[in-house]
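Student: Chain by chain, the residues:
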Amino acid sequence: MPEKSIYIDVQQFDPVLPDHVDWPLYQMSLNREQFISEVAEATLLELKKSKRNNSRIRDIIAKTYYLEKIRMKSDPYKIDPEDEKPFWKKVKSKLTEVSIGNIDNEDEEIHQVLKSIVKRYSNEIAGNFKISTFRFAQRMTPLILRRVLNSASAKYLKKFYANKYHLSDVLHFTGPINKIRSLVDKGTLVFVPTHFSNMDSILVGWAIESIGIPPLIYGAGLNLFNSRIMGYYMGRLGAYTLDRRKKNPIYLETLKTYSRLSVEKGCHYLFYPGGTRARSGALETRFKLGLLGTITDAQYENCLKNEEAYKKIFIVPVVINYHFVLEAKQLIEQHLKKTGEEKYLKNDEADIKGVNNVMSLVWKFFSTSSEMAISFGKPMDIFGNDVDEEGNSTDKHGQQVKIHDYFKLNGKIVEDQQRNQIFTGLLADHILKEYRKSTIVFSSQLLAFAAFQIIKSNNKRLDIYELLRLPEDDRTISYDLMTNALYKLIQHLKAMNESGQILLDPQIHKSIDQLIEHGLKNLGVYHNVKPLILTEENEFVSNNMNLLYFYHNRLSGFGLETVI
Amino acid sequence: MKPSSKHPTVAVLGAGSFGTAVANLISDNCRVYLYTRSPEKKEQISSTGFNYGQKLNERVIVSNDLEMITEQCKLLFPVIPSANFRDFIKRLCPLLKPDHILIHGTKGFDISKAKVDTDDNDLLLSRKDVATMSEVIQEETNVLQIGALAGPNLSSEIAQGQPTAAVIASPFKSVIREGTKVLKSRRFMILSSHDMTGIETAGVLKNIMAIGAGILHGMGMGNNTRAMLISRGLTEMIRIGDVMGSDTNSFLGVAGIGDLIATCSSNLSRNFTVGYWLAKGKELPDILNDMNEVAEGIKTVMISKALANQYKIHIPITDKIFQILFKELPAAKAINQLMDYRDLIDADFMEQ
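Residue numbers (the numbering used here), protein chains in the order written: chain A, 1 to 564; chain B, 1 to 352.
Treat the hints as calculated values from the structure; they're not laboratory data.
There could be a bad hint or two in this list.
To be verified - Here are a few chain A residues that face chain B, going by a calculated C-beta distance under 10 angstroms:
| id | residue |
| --- | --- |
| 1 | Tyr-233 |
| 2 | Gly-411 |
| 3 | Gln-418 |
Unchecked claim - In silico lysine-lysine, DSS-like type, Cα no more than 27 angstroms apart, as pairs:
| id | chain 1 | residue 1 | chain 2 | residue 2 |
| --- | --- | --- | --- | --- |
| 4 | B | Lys-282 | B | Lys-299 |
| 5 | A | Lys-433 | B | Lys-282 |
| 6 | A | Lys-408 | B | Lys-97 |
| 7 | A | Lys-48 | B | Lys-184 |
| 8 | B | Lys-97 | A | Lys-488 |
| 9 | A | Lys-48 | A | Lys-288 |
| 10 | B | Lys-90 | A | Lys-378 |
| 11 | B | Lys-55 | B | Lys-90 |
| 12 | A | Lys-179 | A | Lys-311 |
To be verified - Some but not every residue of chain A turned toward chain B, in silico, with C-beta under 10 angstroms:
| id | residue |
| --- | --- |
| 13 | Glu-46 |
| 14 | Lys-49 |
| 15 | Ser-50 |
| 16 | Glu-390 |
| 17 | Ser-393 |
| 18 | Val-401 |
| 19 | Tyr-406 |
| 20 | Phe-407 |
| 21 | Leu-409 |
| 22 | Ile-422 |
| 23 | Phe-423 |
Glycine included, each C-beta is placed from N, C-alpha and C at the ideal position.
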């Protein structure tokens with residue numbers, strides 16, 4: 001069978017905008033202070049709009065103070081600023097003064113307290129893009145990654161200075177890259193990737209840079225800033241901080257406003273609509289709509305500002321396809337604990353140590369020389385319509401659509417938060433659909449899927465938690481049974497591929513024996529205890545059902561369960 | 001909508017009996033277009049001032065110019081039989097913009113993407129084969145602001161000016177608001193719901209029970225039997241609704257049990273008439289030949305049966321009506337078989 005490659009050589013892509021003066025992020029960084037003030041002002045406006053009167057504002061300040069007090073005590077970070085305790089103490093004393101009526105101008109006082117909190121949060125969130133740091137990283141990253149790849153894999157090859165691998169050997173790209181590039185100067189690009197590993201940000205960031213897209217802003221968890229070097233670089237490369245410990249209403253509103261205003265100003269943007277890493281290993285099936293909602297709101301504001309020549313936002317779904325995820329053990333453990341509660345009994349294995357340090361993740365990842373692929377989805381407007389290379393939206397019948405019409409009622413653009421929320425939900429559905437279409441089936445995932453489904457169908461009466469505790473004999477699959485299942489799956493996947501429902505790695509087109517060999521080599525290559533092995537008796541045995549389940553999940557939800 | 005507008009800004013698309021009733025209701029608040037495709041029908045309605053026995057209010061303007069209507073009106077009420085709904089929406093699509101609001105009043109499912117044959121003993125349909133009318137609009141057009149209108153709305157009683165109520169369901173508050181503005185009056189109460197699928201599904205499924213009620217009436221059965229049909233039928237509707245993704249509460253409101261009682265109590269409805277004549281021993285093709293308009297319930301029985309087969313849901317009444325319609329099961333035998341059931345739990349949907 002001929003091998004069909006879906007991958008594109010990215011070395012052909014030059015930067016779309018070579019001069020940094022043309023980059024929206026650079027322009028915004030020139031007026032950083034002003035932007036922070038704008039964020040603070042707009043946040044205050046939003047909070048006042050939604051909460052109406054001052055007693056409600058006082059309530060949300062009190063709630064914020066309460067939640068911050070708990071956070072500072074129960075979950076402190078190394079990088080938390082030293083002045084935060086005195087700051088909140090001051091907030092508390094102001095609140096007390098107001099509540100006992102000791103203040104003449106109560107409304108003004110409450111406003112000032114709110115303003116100080118919002119300003120503090122705006123400053124904390126704001127990134128600090130530096131062109132010099134960016135240029136440095138731009139030059140060095142490919143070199144470093146390549147060196148890491150060759151040095152790390154050389155451990156196996158016993159040739160430390162070998163230069164056998166080029167990045168393009170292990171990192172593949174596919175998707176309508178030329179169209180995405182053409183949209184750079186037609187509007188604002190918002191990349192929304194799937195999220196499986198802490199390594200995603202580095203790889204996606206680098207991938208987007210490799211296809212010539214100017215730097216973008218992205219939210220990075222504050223925990224990543226705990227490493228001083230990472231923190232230093234990330235802030236200067238466009239990252240803004242996202243503190244997941246802070247769930248208080250004022251912080252969340254400030255964060256949303258920062259996100260919305262950055263997009264309104266035309267900064268290309270990257271964020272994970274799923275929020276955190278997919279614990280189960282499966283493709284996301286729902287999103288948190290908070291940040292995604294800021295994109296809808298930004299498009300609305302742009303249309304409102306200039307009805308005829310509004311800035312357009314283009315959504316680009318990105319699917320990251322790995323053979324293995326370094327944190328898989330931890331992730332699936334967390335998932336099973338959460339979903340199974342008392343039904344899930346942890347294995348007796350030693351406690352699982354987390355791999356959270358991003359650099360160590362990169363090193364470990366490359367040490368396996370395992371391939372990965374970044375699949376860019378079809379760019380769309382925020383209503384899920386296709387866009388052409390000029391950025392024009394077309395509906396499913398190929399008719400051009402003026403997207404400001406979506407915000408109109410009786411001929412006029414009108415504000416309607418509830419309508420925008422529903423639009424956001426619909427956008428989420430469009431992105432999720434595109435994720436499925438842009439998923440690349442890897443040999444290892446297919447093998448894991450087939451193995452787990454066979455074991456499951458041999459033990460129909462067991463629930464998932466009982467399945468994970470099966471004795472070895474029941475975790476064994478004959479070679480014939482496996483090839484039979486794989487054959488059916490491959491036929492089905494090829495039909496899905498032809499109708500544009502999924503993508504296939506070239507390995508899937510090879511013979512089943514070759515596919516098995518490739519899949520076994522790559523499935524959970526990093527893990528000490530393999531999810532699946534082939535014994536000398538030519539039988540497959542799973543030595544780690546949790547991991548097998550994790551990698552199997554990557555292909556769940558595609559309707560493949562009924563194929564075997 | 002401004003009542004003082006020179007030309008209407010609202011239109012009802014489809015001049016069947018319910019479309020005409022809706023146009024008359026809207027005319028209580030503002031001028032409205034009533035669209036009919038056929039120039040002859042337009043001429044006939046305009047010259048007589050009557051349609052389906054209903055007198056048209058003078059603020060209802062009959063037109064067959066779809067382009068002009070969609071240009072002038074942003075609020076549209078398609079009320080087209082479900083069998084033609086998709087074709088009509090496809091024809092409408094090039095004229096629509098994303099700022100149009102579509103609130104449909106069609107009670108039926110669309111299965112144009114699937115193939116079904118009632119002779120097939122293993123009749124199967126999955127959820128994705130069955131589209132509600134709002135889903136048809138979503139699939140075919142670029143309009144997102146969609147709503148559904150449903151309730152106990154027998155056209156003839158509306159025409160007499162008797163008070164009744166309906167639900168406008170939509171995920172969008174704006175759609176409910178705009179629809180309510182033009183429809184609400186002292187004789188027409190409007191309630192709201194965000195469960196569009198539930199409201200649509202309830203409105204469609206009740207037609208099955210209307211056929212059943214017609215059968216019972218034709219057999220000379222009284223109110224006890226009808227009440228049994230309504231209450232047990234509701235349970236089956238909720239089960240099918242569940243497969244469609246509906247909220248049970250929608251079946252307990254005006255567009256659910258309200259519409260179900262109205263349709264099963266009235267010998268005016270088309271589905272009721274089909275059941276009545278079946279019980280009287282008339283053949284289905286002959287009954288259909290004698291009717292002016294479509295009885296949606298017949299197709300709904302078949303779709304529900306196929307969904308039940310696929311998802312293994314227990315719907316004995318629908319199953320018997322299916323057999324009476326398509327498998328020549330005598331109605332009396334069907335009732336005997338139904339009465340043989342044991343160990344039934346009352347209102348089990350409340351325990352879900």
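Student: Going back to the hint list, which numbers does this structure go against?
Tutor: Per hint list: 1, 5, 7, 8, 11, 13, 14, 15, 16 violated.
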